[in-house]
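Undergrad: Next come the chains, spelled out residue by residue.
Number of protein chains: 2
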Amino acid sequence: MESFSKRLTDAVLRRQNPVVVGLDPRFTSLPVGLTEGVDERDRSAVAAAYLEFCRGVIDVVAPLVPAVKPQAAFFEQLGPAGMTVLEATVRYAREKGLLVILDGKRNDIGSTAIAYAEGYLGPPDSSSWGADALTVSPYLGDDSLTPFMDVAVARGAGIFVLVKTSNPGGATFQDLVAQQQPVYRYVADWVQRQAAATAGTDRYGCVGAVVGATWPEQLAELRQAMPQAWLLVPGFGSQGGGPEDVRGALDQGGLGALINSSRAIIFAHSRPEYKDQYGDAQWQRAVEEAALEMIEQMRAVIP
Amino acid sequence: MESFSKRLTDAVLRRQNPVVVGLDPRFTSLPVGLTEGVDERDRSAVAAAYLEFCRGVIDVVAPLVPAVKPQAAFFEQLGPAGMTVLEATVRYAREKGLLVILDGKRNDIGSTAIAYAEGYLGPPDSSSWGADALTVSPYLGDDSLTPFMDVAVARGAGIFVLVKTSNPGGATFQDLVAQQQPVYRYVADWVQRQAAATAGTDRYGCVGAVVGATWPEQLAELRQAMPQAWLLVPGFGSQGGGPEDVRGALDQGGLGALINSSRAIIFAHSRPEYKDQYGDAQWQRAVEEAALEMIEQMRAVIP
Numbered sequence: 001m002e003s004f005s006k007r008l009t010d011a012v013l014r015r016q017n018p019v020v021v022g023l024d025p026r027f028t029s030l031p032v033g034l035t036e037g038v039d040e041r042d043r044s045a046v047a048a049a050y051l052e053f054c055r056g057v058i059d060v061v062a063p064l065v066p067a068v069k070p071q072a073a074f075f076e077q078l079g080p081a082g083m084t085v086l087e088a089t090v091r092y093a094r095e096k097g098l099l100v101i102l103d104g105k106r107n108d109i110g111s112t113a114i115a116y117a118e119g120y121l122g123p124p125d126s127s128s129w130g131a132d133a134l135t136v137s138p139y140l141g142d143d144s145l146t147p148f149m150d151v152a153v154a155r156g157a158g159i160f161v162l163v164k165t166s167n168p169g170g171a172t173f174q175d176l177v178a179q180q181q182p183v184y185r186y187v188a189d190w191v192q193r194q195a196a197a198t199a200g201t202d203r204y205g206c207v208g209a210v211v212g213a214t215w216p217e218q219l220a221e222l223r224q225a226m227p228q229a230w231l232l233v234p235g236f237g238s239q240g241g242g243p244e245d246v247r248g249a250l251d252q253g254g255l256g257a258l259i260n261s262s263r264a265i266i267f268a269h270s271r272p273e274y275k276d277q278y279g280d281a282q283w284q285r286a287v288e289e290a291a292l293e294m295i296e297q298m299r300a301v302i303p
Numbered sequence: 001m002e003s004f005s006k007r008l009t010d011a012v013l014r015r016q017n018p019v020v021v022g023l024d025p026r027f028t029s030l031p032v033g034l035t036e037g038v039d040e041r042d043r044s045a046v047a048a049a050y051l052e053f054c055r056g057v058i059d060v061v062a063p064l065v066p067a068v069k070p071q072a073a074f075f076e077q078l079g080p081a082g083m084t085v086l087e088a089t090v091r092y093a094r095e096k097g098l099l100v101i102l103d104g105k106r107n108d109i110g111s112t113a114i115a116y117a118e119g120y121l122g123p124p125d126s127s128s129w130g131a132d133a134l135t136v137s138p139y140l141g142d143d144s145l146t147p148f149m150d151v152a153v154a155r156g157a158g159i160f161v162l163v164k165t166s167n168p169g170g171a172t173f174q175d176l177v178a179q180q181q182p183v184y185r186y187v188a189d190w191v192q193r194q195a196a197a198t199a200g201t202d203r204y205g206c207v208g209a210v211v212g213a214t215w216p217e218q219l220a221e222l223r224q225a226m227p228q229a230w231l232l233v234p235g236f237g238s239q240g241g242g243p244e245d246v247r248g249a250l251d252q253g254g255l256g257a258l259i260n261s262s263r264a265i266i267f268a269h270s271r272p273e274y275k276d277q278y279g280d281a282q283w284q285r286a287v288e289e290a291a292l293e294m295i296e297q298m299r300a301v302i303p
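Those protein sequence lines, which keep their order, are chains A and P. The numbering of the first sequence is the working numbering, which starts it at 1 and goes up by one. The numbering of the second sequence is the working numbering, which starts it at 1 and goes up by one.
Next comes chain A alone, as it looks inside the complex (with noise of 0.2 Å):
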């Protein structure tokens, strides 16, 4: 089975551009058409309203970006309806020639840790949910990390280790200096050794890291201090990252990083500027002008 890595490097260069569409689900966001006559209490019907939405993404987005991020907590906050759907979701991403990294951000140790990493990661064939990737929290330690490497690894999947989060509270702990070193760079250390450890003869491991676009300075530093794990870089956009800030992260093949765009595009006919052009009624027009302008973007920024 190819790797992780591999696959990615390759729809990366397929698709000439590093955008991660997120698929963040929220009742209140979507356009009128998919919640007209819906009861906010039936979570079925909600949950069959966010598929209706994520399948009309993804038929969008899947000639023009290489990869979706569904946050896993929106269908969560559904039940098992959601969790349906979810699935549902990750397998017409996948169909449609799209990578699918989960966003779980789960963590557990050793055989507990086993059987997330083999409900979420692999072909639909060898696992429920079937992911590509999955985004993994470091809070428990080596043998927590590890786990989700091995199966990752043995599906020819991938993980990404939370290291510097986007949001302002991301200080609190990650920040926190022993012996000279911020927290998130012992856990940058980690996934550097363990991406180095999987990437064989590729450029790139299959263990990445998620280092937020709001911290441009950390992410400069992060990406030298991991040269060879792909970062998922969350907080363009919306969260006020901007093109110049995720330069430093992409190599000179603009490869080596993913910028995640969830709202922004998602959600693109709302925003002031297509709003009056597409609004509701032609949402799906607002997504593909949403992802293509952030796609020229980062063309624009590609060293």
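If you are wondering where the hints come from, they were derived from the structure by calculation, not from laboratory data. A virtual CB, placed ideally from N, CA and C, is assigned to each residue, including glycine. Misleading hints may appear alongside valid ones.
Chain P is faced by these chain A residues, among others (derived, beta-carbon under 8 Å) [unchecked claim]:
1. Glu76
2. Asn107
3. Ala115
4. Gly141
5. Leu176
6. Gln180
7. Tyr186
Quick look at which bits of chain A chain P covers, simulated, 3 or more residues with Cβ under 8 Å [what the hints assert, rightly or not]:
8. 64-74
9. 132-140
10. 163-169
To list a few chain P residues with every Cβ distance to chain A over 12 Å, as calculated [as the list claims (entries may be wrong)]:
11. Gly37
12. Val38
13. Gly56
14. Ala62
15. Arg94
16. Gly104
17. Asp202
18. Gln282
Got chain A; can you put chain P on it based on the hints?
TA: Chain P in isolation, oriented as in the chain A frame:
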């Protein structure tokens, strides 16, 4: 609505012990009667076996202990079928009068954290999963924890934040020392502040901490550092912690800490001391014996 801390206090006093039974179903560890003829690759059939098993454990322990702790990973491993069974397990346990602490180690930021919290916490009529409390990972910092706390308090539920976990690798990042204090101590200070803020007129608040029984020295230190936080203590039994190790976590009235045991109770039919007497056929008798044994051990160490 009564606060989580109040309900937990009542439950511990009613049962006169602080034992939490961990519901960690694993296919190959189930009593043979529940797995005979079940194809391990058939996720729906495995999920059905998990539900039968969990209900069987709940029937036995509901009159004995205050709470159960389902481990989300083992249900998620089975995909949507597992999640449906997780929901049914939580509801069954509540119907039988048990408090339910869902071990999901979730974490995210802002509105995404709210989505998790709203999905998992609160009475079954307000939340899909309907747990009384959820375990939460702290790596993303202050603004990732506050939303969980806010939703919990509003719904009469609680959270347990990972502070010092029971696994050996827990030391990797948690024990890094910044300005004379380990990282876990900073997390503990956050927990204590919020425990105090949510305690009202009770002794303990609705924000608790996970502290492993495998680190008795730190358990004593953290008990002192978080005088108003309920401690959820894993690592007892199979992971090596014993009654003497957890003595210091309990206050004079036997409150303030919950001691979790999973495999040693739920898979007691495989333990050498019960195997011959009960075996697979009378597995529920073995569960009862093992639970009663632990309850007795705990009563012996209550200060």
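Undergrad: Could you check the structure against the hints above and give me the numbers of any it violates, in ascending order?
TA: 6, 16
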